[in-house]
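J.: Since each chain comes alone in its own frame, lean on the hints to assemble the complex.
Just so you know, the protein sequences line up as chains H and A, in that order.
All residue numbers for the first sequence refer to this note's numbering, where the first residue is -13 and numbers rise by one.
All residue numbers for the second sequence refer to this note's numbering, where the first residue is 6 and numbers rise by one.
In case anyone wonders, no lab produced these hints; they're calculated from the structure.
Treat the numbers as computed from the prediction; the structure is a model and nothing was measured.
Do not take every clue at face value.
Incomplete in silico selection of chain H near chain A, CB under 7 angstroms [claimed, not checked]:
| no. | residue |
| --- | --- |
| 1 | Glu27 |
| 2 | Tyr30 |
| 3 | Lys34 |
| 4 | Leu37 |
| 5 | Ile166 |
| 6 | Val523 |
C-beta atoms are modelled at their ideal positions from N, C-alpha and C, and glycine is treated no differently.
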Amino acid sequence: MNNFLDFIKKDIEAKKTLVSTMPSRTKTNVKKLNQTIDNIEDKYINYKTSLVNYLLAKSRSFALKDDVSDVNTDKLNEKIINLEHVKFLLNPTNTYFEKMGFDTLLYQINNYTTFNFDSLNDIINGFLDKFQLVGISLTKDDFHYTCYVHEYMTAFLDVRNKKTKNYDKVGEVFEQIYWINPELIEHIELNFRKLIKINEKRFSNYILELQKDAMRDNNVENYNDCIEKLKSLYIDLNLAKKETVNDIIALARKGDIDIEQLREGSKARINAYNTLVPTEVDTSNEKEMVKVCNVLEKLKINIEEYNNYLEFLPLFNEFRDEYINLVPKDDNEVPYKGLKEVVEKINSKENELERINKKIFSGKPGFFEFKSDNDLKHLKAESVLKAKELYKLYKTYDEEYFKAKVMSTLSNTLTIMDVLNLYYSFDYFKKLAIAKAYDTNSFEEISKYSEDFDLFAMNTTNIIVSGLPLFDERNIARIIANKYNLNSIKLTEEALDEDNLTNLLNQILLILRINKIENSKTTIEKIWFMCKVDKIVSNERKNGNLL
Amino acid sequence: MKNEEIIDFDLSRLNLPDLIEAYEEIEDFLHFLNDQRIEEDDLDE
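For reference, chain A alone in the conformation it holds in the complex (with noise of 0.2 angstroms):
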């Protein structure tokens, strides 16, 4: 299933408060990834 799909399809389903965590779950989940990040150059080979 296409993202888009999921999208359309499901957003129309979740109620106001569930749109709300949707967006917060993805907001937080965004800071993880960029605290995951490592820098490059600090490494040995």
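Isolated chain H (complex conformation) (with noise of 0.2 angstroms):
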């Protein structure tokens, strides 16, 4: 018996045949032609509208329950947002100073030239406002860095306290001072450091009490009970987001998975399966193919992470040159003294300042009795110039603190994820790193690189970069490579170029994903059948078939 397939080939057939064969030559030729169309063309919209109508409640029927896991992602969320601010308190790599965000700040002080007015008083207020946290509200007689510092943050801090949020006023001061002194930023920031410095004991303080604070509402007891108790709630985290089959279904109908690549035959699935699924499984045993994604899945994991690896690469490489030649020869070396000396260096350069200060500041109110205007002017500049090279002597103060931080773990058995906990840990050398690692000085890119590192650093999966240690070269393809092997799965170190890993991700993920529909109650051709509908529904409405 003909079905309706069978039947509108051949009655289109004869159509076609009839309506090609018919005269046209005069008008009344051609108005029978017209004629005979519109008929043809009514029954077959009609069969049409049927059709798509079928279509669609066939399409419908075709859709899954949602899953009730992907109500508890959000809980886990959250907690895991909780703990990764208790993780960040308790860091015992960092100090007071990166836990309160002073680094962050100093950071985009430092690249205040990227930003605009607007922006620059958001860093200003910035730091103003991590002082009052711990109640102290800085006034313009704590900003006497140089005469123009103190110039600039009256008019600043006039604003602030006005609150109306109208800075057109210290816009104006600033153009004042700007020619004469271009440096004011970089002034306000060592000003800045300065106050930090002094008020040392306050800020670590109030750390220790937002750590005590923080550990009992998340019932941790230490550092590494929070550490045990994220990566447990990662584990969940990540069962939970565990891609569903209705994750697929809606990522096919998206466009964001080609489903032609799943079905049977597909060139794409062929050399998936040929690649990844050892010859001797029997890819029709779902017992089998279970153990063979159990395993694939943790292959998965292994390849994110060697591609993070190898994004931040540069950045390890850097780490390494720069430091292979310090590693001690033996526990008997002299502990590392650059920082105490720049330290001293700094201290004996602001008191100097500070005495010139003083003979500028002192003196009635508004009045310097100086022998002439000349002297005081020789004054101010003398104090820009100190101040020039307090900031050089800041930049030393930053490597040296840094290098402090690095020699007193530095070791030849040092690993890469020590490496990535350094840097997780101080955002400001993170940035100053990849800056140099990756040559450049755009605020975005160094922003995005230090995004993606932090989560690279935060992953709780990652454990091939654990035990690779940073100065003995080690080949990770061959690693993964053989370990697989063992696995029965045949994967090449060809196979693990960083050119041909997202190849090797997404056939890993095609896999994955057949495997999860083969197993659930749809199947992949009723996937391609919704994808099919969608399209036609939507060429329909585009049409103005309105259904």
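T.: In structure tokens form, the structure reads like this:
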């Protein structure tokens, strides 16, 4: 018996012949032709309408119920966010300076030329707000690094205290000062650094209190306890976030997955199975495929980690090149003193600057008892020069500060994970290192690298980098390939080539998705059908054929 | 046999790829018919 498809195929053939052979030379002929076409068209539009309604109903009948697991990820995410904050506070590697977020502000003020005035005002307010947090309301009397810093911050604080948010007057003051002292912002930074140093105890105590509260509120005993709790939560989250069949269907319908690739006989499917599924495995055997997929899940995680490692290899190489010659040869090596020396230089020079400033600021309010205006001008210029020298010294201080942190843990067994933790703990130095390693000054680019780096460093599934020595080159591709060869997955080093990793990951995802669907209540063909119907409906709506 | 009967009866017999093919056949044919139309004004009587 003919089915509908056979029927319309035959009918269409016949109608095409009819229409193609009807005469069309005269107006009467054409009228008759067009009439015939109209009649046929009406019939086939009716067929199409009924067919599309049927397709829609059939597609809707294939929808699967939502998985309950979706609900749990919100609570899990909330717990993780809280514990990540606790981890941040308890991090033994860094100090109150990083925990207060001063390092991030420092990086921003260092890059002030990237910003406009509004952003600069936000940065300065950011510093002031942090002092406010510990109960310190800075006044104009706290800003004496140079007379110009004093003048600017007096105007700034005036606006801030009035809460008008109109910084136009401050902009005018900046204009006046800038041509005499273009390094004004840099010197404001130094003033803040000095104030932070003076109030170190207040900030440290504040952090201590925050730590106590955070541990109590989150039932955490110490840093290691926090790490263990986080690991456990991330395992739960990864399980909950595992792609469901509904996720795959959504991706296919959006066009993010090419469902044709999952169909039997597709080239992509055949290649993926040939590359990754051991030949002795019976792919139609559910138990065997579950085993294979478990191994592939682990391989996927390893490749993602390896991919991350490769992305940040320039950073690791930069670090290695800088410190390889500083690795202590024995335990008797003298402790590193670079930081102490530069701190002494800074203190000495700041004392010199203070003596100059005393001369500038002293005297009757508003008057200066100088022999001439030139004396005052000369002193101001001297103070600016001193501040410039101090700015350079602080740059050295920054290098030595980080170096001292590194030297305290440096050994020939330092791992990539150790470097990840170091840079993760020191946002400012991480960004400086990124700028150097990737040869970029773009604030946006550096920020993006920094965010990606943090995600990598925070990833609790990292396993390759935790044992990977920084100073001893290892062939990671070979290590991964060897491991999975033991699982009968014939991976080659070439398959793990950096340029091929995305392709390999896609092949793994393909197999995992196929397996997921084939063990579910739906089929690849049904999903394919749903995608096709989506396109059909979209096409019909586009042509004004509302359903 | 009425058109509706054909549709009601046969569509449920078609597998999924055939259903899609049926739509594509009709759509292509409708385009063909549209192309076959001739403007009546262009011709002499």
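J.: Need the list of violated hint numbers for this structure, in ascending order.
T.: Violated hints: 5 and 6; rest satisfied.
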